[in-house]
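Protein sequence lines correspond, in order, to chains A and B. Position 7 of the first sequence, counting from 1, maps to 7 under my numbering, and the rest follow consecutively. When you read off a place in the second sequence, starting at 1, and then add 151, the result is the number in my numbering.
Keep in mind the hints are simulated off the structure, nothing from the lab.
Some residues of chain A that are not near chain B, with every Cβ distance over 10 Å (derived):
#1 P35
#2 R48
#3 R49
#4 P91
#5 V137
Sample of chain A residues facing chain B (criterion: CB under 7 Å; computed from the structure):
#6 T44
#7 D46
#8 D66
#9 Q68
#10 N72
#11 A73
Note that beta-carbon positions come from the ideal geometry of N, C-alpha and C, so glycine has one too.
As a plain string of letters, each chain reads:
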Amino acid sequence: MRRILLLALAAALPCLAMAADRPAYTGAPVPEVQPAAPIAKETTDDKRRSRNYPDQPPVIPHAIRDYQLDLNANKCLTCHGRENTEASQAPMISITHFQDREGQTLGAVSPRRYFCTQCHVPQSDARPRIDNLFQDVDRTIRNAQPTEQRK
Amino acid sequence: MTVLATPLRWLRAGWTTFKRPSAHLGIGFLTLGGFLAGVIWWGGFNTALEATNREAFCIGCHEMRENVYAELQSTIHFTNRSGVRATCPDCHVPHNWTDKIARKMQASKEVWGKIFGTIDTPEKFAAHRLTLASNEWARMKANNSLECRNCHSVESMDITKQGARAAAAHQTFLFTGQNTCIDCHKGIAHRLPDMKDVPAWNKPPQSAARPDGAGAAAPH
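Just chain B, same shape as in the assembly (with noise of 0.2 Å):
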């Protein structure tokens, strides 16, 4: 109880001090400074948001720079005949303001991983391949490939306008439904890591979901 009763006097006094009414400010200076101050807040808050959602501030510590970056580069995503470019919040940073808000406090494990060098070398880097791989996998099959359809819409999708494979590949799993973008276009942005034990990579479900096993990656 005694460890308590410090805190408790401080809550009490912080109570006392809400509660009484202002001895010396208007009200309305109370109300509109109130709302000025939040607009500050606010505009400032979003502001640092979108200051770290910038291919800039991603690209910023060399884990990202010299792994995931420099091999986005020669990708359909960073150039191609169209010249619109993915950058990096447009693919890991959901655009929902919540969804995006949730993703930011996720990152503050990569913080840690940053101050503790979990991944500051090449090797150490590619020890971590797969989990980093398996997270986006696990989280853009959790949302139904989301940051893929901000741009990639089944509606706008004129399938007489792609090859053979790719229209019977799109017609068969993706308008059904059965599966969702990443299941077949993974590593379309970053090298794959060791796809040996991923079960079902680019597979269908029903080879994918036969008992033995059948589902396994290329053989090495």
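Chain A on its own, in the form it takes in the complex (with noise of 0.2 Å):
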């Protein structure tokens, strides 16, 4: 039985010592459960985001909840399709998007393309948990140079 007791025991040690390296997010013991944060609000201005680099897909300033994009229907082309632009005054959406994965373009927005949310989504005002030390490639280079060239 005191065997057991110490088998136990021995077993019980690392996850104590795992314990304290618990992970950073909350800083809480993982048992314990937490109340939810509030939920962060979306971004609605209608503001265009500038890219962090030069090929990101654009972020969508504005809700989206319940935009149909499936086979039947894709809700986002209704304003950013070609021939839409012009009555919603929405961007286009980028010719590449015309292209299909040989380089032809074709008269409309190809298959691989079609499903917007793969790539453009829609932000929140939520707090990241650990900071972003992402740098866009200007900043990187100006942090390059010495410092008595820089302006």
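With the hints as a guide, dock the two chains, each given alone in a separate frame, to form the complex.
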């Protein structure tokens, strides 16, 4: 009996050690139930955001709740499709979206680019759990230069 | 002539009974009794009418419960921040009494469809979805989106509280009467059918009316 207890204790020790090594997200002990943080507010101000790098898919600055995006209908294209931008004044989908995987330009959006939310996503005011240290290319180049050359 | 002889005899007998004064019942009894019977009949009729005008009645059939009702549940007309919910008849049955009776009479065809299982599988429902949706779009287009406007009125719409896009679209197309709600807001409570051949889906009239057919829906 004592041996079993000792074995159990030995097995439990590494677990106790790991508890100190818990994830840094909440800082709380793992088994504790934490109250959920309030849901972040959607960004719906219709203002275009600059891209962090040239081929970043532009983010969506408006609500897309219940927008149907399937074989039957593509709600996004009713404003962003080529023939609809005059009435909607929305940015047209990029010409790259008309190309198939062989680089052939088609007459309409290519099937592989049909599902907008694969790349384009709405935003919210949620704070990142861990600060993002990403810098765009201009800043990276500037920082790489010797101090006296910087403007 | 011989075919009509018997019904004609019945009619004549009925008319004789109808116009003969009552021999045993007093006029007070007949008047009051008739009035009371009328109240009971009218009350019963409207109670039955209202019973068929509840969500529970609509989703009593699996065709509605498992297709359109299931789809409704993720949309803003089912759950939202203010806790107001639109049930089936709010949008699909006119609220005005005469229009409601007319719609109920039309609905007898839907009973036919139920009996013969026109849409009793998901595949059959999908095959009929465009027809079913088109019926509703046509109805709402014809009555200037009356069922939308039972709750959403132009007078109480504060466009300064709307997003810039919505405010612009409402000012340009709704307030001018150029478009009605359903012209742009299709598929807001249920999934859309194949929109490939639906002309002018979500298009303002000037582009929809172009003779080159440029009003066609999203490319596929």
